[in-house]
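Combine both chains into one complex, guided by the hints.
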Amino acid sequence: MILSQAITPATGWIIVILLGILWVALGVFWGRKAKNSEGFMLAGRNVGLALGSATAMATWVTSNTTMLAPVFALTLGVWGMVAYSTASFGLMLFAIFVVRIRKILPAGFTAGDFFRKRYGRAGWTIFLIITMFYSLSWLVSMAIAGGDLLEALAGIPYLQGMTLILVVCILYTLFGGLYAVIGTDFIQSVIILFGIVLIGLIVVVKMDFGVAYEHIATYQPSLIQVIMPAALLAVFNNMLFGFGEVFHNNVWWSRAFAMRKDVAPKAFFLSGLLWFSIPIAAGFIALAAGPLGINIVQENQTGPTVAAAILGSAGMGSIAGVLILIVLFCSMASSIDSLLAATSDLLIKDVHGGLMGREINEEKFKRLAGFVIITVGVFSWLLAAPHWQITQALFISGPLVASLIWPVIAGLFWERINRKILLGGILAGCAVGIWAYFQLGWYTASLIGAGVSMIGTIAARYISPSKFPA
Amino acid sequence: MCAAEIDFLNRSAQEKPSNNGTITLSWNNPDSIPVILEQAADMAFSNPVKRYEGTDTGSVISGLPEGTHYFRIYKAGDTTSPGRSANPIKVSVEFFPRDQLFLLLTIGGLVVGGTIGTIIFGYFRTRDSVEGKEEVGA
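Residue numbers (the working numbering), protein chains in the order written: chain A, 1 to 470; chain B, 471 to 608.
This is chain B alone, in the form it adopts within the complex (with noise of 0.2 angstroms):
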């Protein structure tokens, strides 16, 4: 009997862009076979990365640049070359809009800034007063 076929589940979830360079990839594997997953730049493989060996049934891949990437599982020793083609999955990494994202570290910058600034300077201007006739709770 043929073992089943290796394919990665659930591919429109897998192929949603991601804006950190992290993805987590799963396939079925019901018989446990030693499987191989493969990352290229390009659709046909030209020239692929091993990136997992094993008889696990997914990976997170983090760490990403970005672009477009390709991933393809096939069976561990399966060198015909329809088997190991067979529906790579597309993923594509956008990250954070650069403009949006200096705006926003300048937020958080006087954000951050300002709050610590405030608390120090509150702490010296406020150290040596007596407020201890203000009792709550007594």
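Next up, chain A with everything else stripped away, as it sits in the complex (with noise of 0.2 angstroms):
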């Protein structure tokens, strides 16, 4: 079954443009709330835990949970939907982290403020180099998945679809700010949960599932294979990656330090949890593919392509990609929002304050704040433009985030450390785990990145240390 124009395209430009509208109208509400930089940034370091959860977790439901986890089931079997889950395991480990954060740095705004306390000048330019190739890499290959899917589901050409979606994002990023952002996310996060569950418990009621269980042992024998090679080391890779992407990134310290100190590692934990199952969900819908007589024609279009069957099925083909045009939508803004805004959080503060050494001002803050978000959002959309295939670079960054994990650890934990031997770790975790994603495959970068630069932090914990600077 090819996933073709489900909806007219003026039905998909409606939704599109009322979601936008609410969600704008959503962000300039709560934008009032934001009196100063602090407000716009950290939305006043008051969010509470139903609010901190929601958007931990929304935030983490990326249209790659929502695309990419389905292909995982399809592709990799039941040991694929495990391994996309303990992605969660990250925001959970997080939890422990936060209470420490907020020891080291009371007053803290980025994750940059703790790199460079911790390594110095050229510690926080390796992490800047980074977390902008991950994070534009992650935001570009959101835009391009949201064009792809209003061209798939509404036949809205691509360039328009995108430009859309991030337009969006944009000006409510630009008038709310983390006000904004959380409180769309808590929406989204909900919309996201109640269309994944309905659909879940559409495939448990058509299916039999002695019937499917016969149909993929006879046919698809290796999804349900004990020793899947390249399943069994994607769970400990997708881990890892999860770690280092939740671990450096800017996205969860601007969370961290947004929420009430109390607060801040139950909302982690309990978004962990919750996400924990949306990846179960998204690729028990996938695994149903098969049984149901499915036909997938393009991998990546596994979920929507799924999803639209299934609700087709079931008597609601009219409302089947309004449906999963609302879901997939809110997945994507809620993340675009976050990265704009942590990403340009991290512009302001650490290149424009940090590395040129600007005064920033609370009355040009927020003039400055606006062309920074703005400037983001035209780079990304001249980056989607092109259509390029970008989610490569996001792959290519497991190995890269990866080798972050352990110095965000020894920073945190520990007293003393070697700087030079633990830079001279991540930048061997980075080389290494990106020649074993070329060379041994996608499955092993993550994995390996982490491990040299583990072996890197471990010596630079024994080797002459020096403690940290107060």
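On the chain B side, residues computed to face chain A include the following (Cβ under 7 angstroms): (1) Gly533; (2) Phe565; (3) Gly578.
No lab work stands behind these hints: they were computed from the structure.
Glycine included, each C-beta is placed from N, C-alpha and C at the ideal position.
Take a look at the structure:
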């Protein structure tokens, strides 16, 4: 089955524009609370448990979760589903980090503050290069996924659809800062959960599990094989990729600073727990494709294709496309807005204020923040417009972010380190991890990157270490 | 006028060995006529299994076990032997070598176990420490 224009272009435009107006209106409404830079960047450091856990969960439910988790299940089977879900462990462990982050950096703004404090200008620069590469490839890959989705579901030309999604997210982030991002994330997380649970329930009702097992055992035996090499390696690889993404990125650090101190650990743990089930549900839907006789033509359209077929067979044909579009649009918007906000914060505080040494006063802050958010958005649009396969760049960033896992742990929990050896370990982890990506397979790259950096960090702990500066 | 011949596209790319048991097959079908995709364990298709029937122009086949698999595509209802057996595609599935797999799994266990253990140990070791004076960004 080909996912071809389940809804008309007019319906697609109407849905996205209505959702866009809603998000922007809420952004403007919530944005009125942002009276100063701390309000705009960190939502006044007063985010509670419900909003905190919803924003962390919604941000982590990206287009990759809803689009790639089904591909993992379809191609790697049960272990593939488990592999994708392990990315939630990063959020759960970050709950432990938050306690320590708030002790070390009670007035911190960005993840860059931590790297600068612990590893000096050299470590901070390495962090900025890695995180900018990762964040931009994540942001651009989602803008591309948004354009692809609107084209596939509604026949809206790629460039128009991609532009529409980016403009909506830029507008409400611009008006409301982190207040708007967190508020919209809450609503988006409810919509995402509702959509995935609904489709999962229909699959449960429609599928005879005995017949499904027989079908998979006969035609797709590797999907339920215990020793499925690529899938087993993907478990460790994906887990470490997830650790690297969450531990280093400012999307999560800004939330750690934004939540109330007593709430933050619970919120991160709860969001990880809630998120764990989403790739399982999305993957389960994809595993049902074979037994339900749904032909997948394009691997990257597995999720929407199976969802459209299942909803259609349940008599929801006319609204299936609408529901899928709303759920996927929410999953993309909830991550694009977070990345726009967090990347802009990093550019303002770390690059403009830190590397360039410019003063940031409160009067000029809002104008500067607006300029940076629009610039990041335009830059992302320029990278997404040629429709490059930038998803590859996102996956290559796996070993890079995994190489930062141990330096973050050491900086948070240890008292002394040999900076030069540690930074050498990060660079070696990046280099060997990228080599593994191309020579051994993507499912080994983050594991090897993290392993090499771990050896470097442990060596840095014992070979002539010096105390971290106070 | 005779309908265009149904055949696989870009054969060399589709015949590349798979390391995870998944292959993406695509074929031409300009007239959108019903086609049948069959799989077999031998070139002669002595015991074929139907994997798809319809008007789509491709299919993602996943979960294949290690070994060699053959696929053929033909117009539904075509019972002539040459039509059916024309140009099957041969795909070999070779999983990651077992010795390297177990080495990497061991490394994976050590790295993940070490990472989680260090974080938990670090948390308990530092949870009562007072570092509130260290302000950054203030």
